[in-house]
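Peer 1: Residue strings, one per chain:
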Amino acid sequence: MNYSVREALETAALILISALLFVAFFHVNDWVFAGIEYRQGVNWIFLPAGFRVILVLTMGIPAGMGIMLGTWYLGRAGFETGQASLILLNGTISGFTPWVIMKTLENRGKLGTQLQQLNSTQLLNFTLIYAAGNAALHQLCWWLLDHASVNPWVDIWPMFIGDALGALIMLYAFKGLLGLLKPSTLTSNSDGL
Amino acid sequence: MKQINRPLASAYLRFLQLARVIQALPDGMEMDANERALLEAVVLRWHENSPMTVREAIGLSHLGSPATLHKRITRLREKEMLSTLNLEGDRRAKFLTPTPRTIEYFSHLGQSMQQVQHNPVA
Numbered sequence: 001m002n003y004s005v006r007e008a009l010e011t012a013a014l015i016l017i018s019a020l021l022f023v024a025f026f027h028v029n030d031w032v033f034a035g036i037e038y039r040q041g042v043n044w045i046f047l048p049a050g051f052r053v054i055l056v057l058t059m060g061i062p063a064g065m066g067i068m069l070g071t072w073y074l075g076r077a078g079f080e081t082g083q084a085s086l087i088l089l090n091g092t093i094s095g096f097t098p099w100v101i102m103k104t105l106e107n108r109g110k111l112g113t114q115l116q117q118l119n120s121t122q123l124l125n126f127t128l129i130y131a132a133g134n135a136a137l138h139q140l141c142w143w144l145l146d147h148a149s150v151n152p153w154v155d156i157w158p159m160f161i162g163d164a165l166g167a168l169i170m171l172y173a174f175k176g177l178l179g180l181l182k183p184s185t186l187t188s189n190s191d192g193l
Numbered sequence: 001m002k003q004i005n006r007p008l009a010s011a012y013l014r015f016l017q018l019a020r021v022i023q024a025l026p027d028g029m030e031m032d033a034n035e036r037a038l039l040e041a042v043v044l045r046w047h048e049n050s051p052m053t054v055r056e057a058i059g060l061s062h063l064g065s066p067a068t069l070h071k072r073i074t075r076l077r078e079k080e081m082l083s084t085l086n087l088e089g090d091r092r093a094k095f096l097t098p099t100p101r102t103i104e105y106f107s108h109l110g111q112s113m114q115q116v117q118h119n120p121v122a
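Sequences listed follow chains A and B, in order. Counting in my numbering, the first sequence runs without a single skipped number right up to 193 at its last residue. Counting in my numbering, the second sequence runs without a single skipped number right up to 122 at its last residue.
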């Protein structure tokens, strides 16, 4: 198989996997945490935020594209009600904010080209920076497109907390899952026991 | 260094790195330097076939006061790094022994030392 065709197919597969995982966990989150929804699309615990972190750190730009497509799919009703620009911007911010933050940290030599420099402190920092950036950009976008019903200074907090908590829950759930699959690998560095 | 351009291979390698980092996320079970020093003293005595009693451990004045060391022993027990053992015939003396988690911790340290010896940083 031609190398570039194969590369394109692999990239398409990563985009599809990212989109499916993001959409699936969005629905799971909707179902589990429906009672603590702040407003439509903003929850005090947002599990797909964890997938944004894991997918973008693992797959890079294909994950960003997958999350963007997944967000567009979730907001598809908006295309029929004249909110196309809001949905398009929403998806772009949702998919590419973590990627931009990852690239910024990579360029500053904090992560390494294949995450060799990443440690648990940096992962937690990345999660918090991403949650803050994502909440700020979403609120800015909503405020620019819909002044009347948005109060960014108030609405930013539930989104930030939801993204940060959701991402941390997912990371620790993943840690628990890895611990079950592989009997406790104790680390002796400063990050853990 | 040569970059990996295949998306799936690159994603898998990055996933392995991320999984390693996620496993090292702090979980409230970390030991601080003082706890580690006490654990080392206790395990060394156990390794010499003369396990330390709680009374002896809280008497290690170079590591802290008896009250502080008692708290430290409690924390190490809560972290499943130490357990206690009563010998038959003497119910008063409580001996401190390592747990399987402790043994795994020290064997991991040993493996790390071996790796460093085999792959010294240039």
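Hints are supplied without guarantee of correctness; some may be wrong.
[Unchecked claim] Derived pair list, reagent style SDA-like, types lysine to any residue, alpha-carbon separation capped at 25 Å: (1) Lys103/A - Asn5/B; (2) Lys79/B - Gly179/A; (3) Lys175/A - Pro26/B; (4) Lys175/A - Leu13/B; (5) Lys110/A - Ser112/B; (6) Lys175/A - Glu104/B; (7) Lys175/A - Ser107/B; (8) Lys175/A - Gly110/B; (9) Lys103/A - Gly110/B; (10) Lys79/B - Lys110/A; (11) Lys103/A - Ala9/B; (12) Lys110/A - Ser10/B; (13) Lys110/A - Gly110/B.
Please keep in mind that the hints were generated in silico from the structure rather than gathered at the bench.
Peer 1: Take the hints in turn and mark each one as holding or not.
Peer 2: Evaluation of the provided hints:
no.: 1; hint: Lys103/A - Asn5/B; verdict: holds (17 Å)
no.: 2; hint: Lys79/B - Gly179/A; verdict: holds (16 Å)
no.: 3; hint: Lys175/A - Pro26/B; verdict: holds (10 Å)
no.: 4; hint: Lys175/A - Leu13/B; verdict: holds (17 Å)
no.: 5; hint: Lys110/A - Ser112/B; verdict: holds (24 Å)
no.: 6; hint: Lys175/A - Glu104/B; verdict: holds (18 Å)
no.: 7; hint: Lys175/A - Ser107/B; verdict: holds (21 Å)
no.: 8; hint: Lys175/A - Gly110/B; verdict: holds (24 Å)
no.: 9; hint: Lys103/A - Gly110/B; verdict: violated (36 Å)
no.: 10; hint: Lys79/B - Lys110/A; verdict: violated (32 Å)
no.: 11; hint: Lys103/A - Ala9/B; verdict: holds (19 Å)
no.: 12; hint: Lys110/A - Ser10/B; verdict: holds (18 Å)
no.: 13; hint: Lys110/A - Gly110/B; verdict: violated (29 Å)
Going down the numbered hints, you'll see the structure goes against 9, 10, 13, while the others check out.
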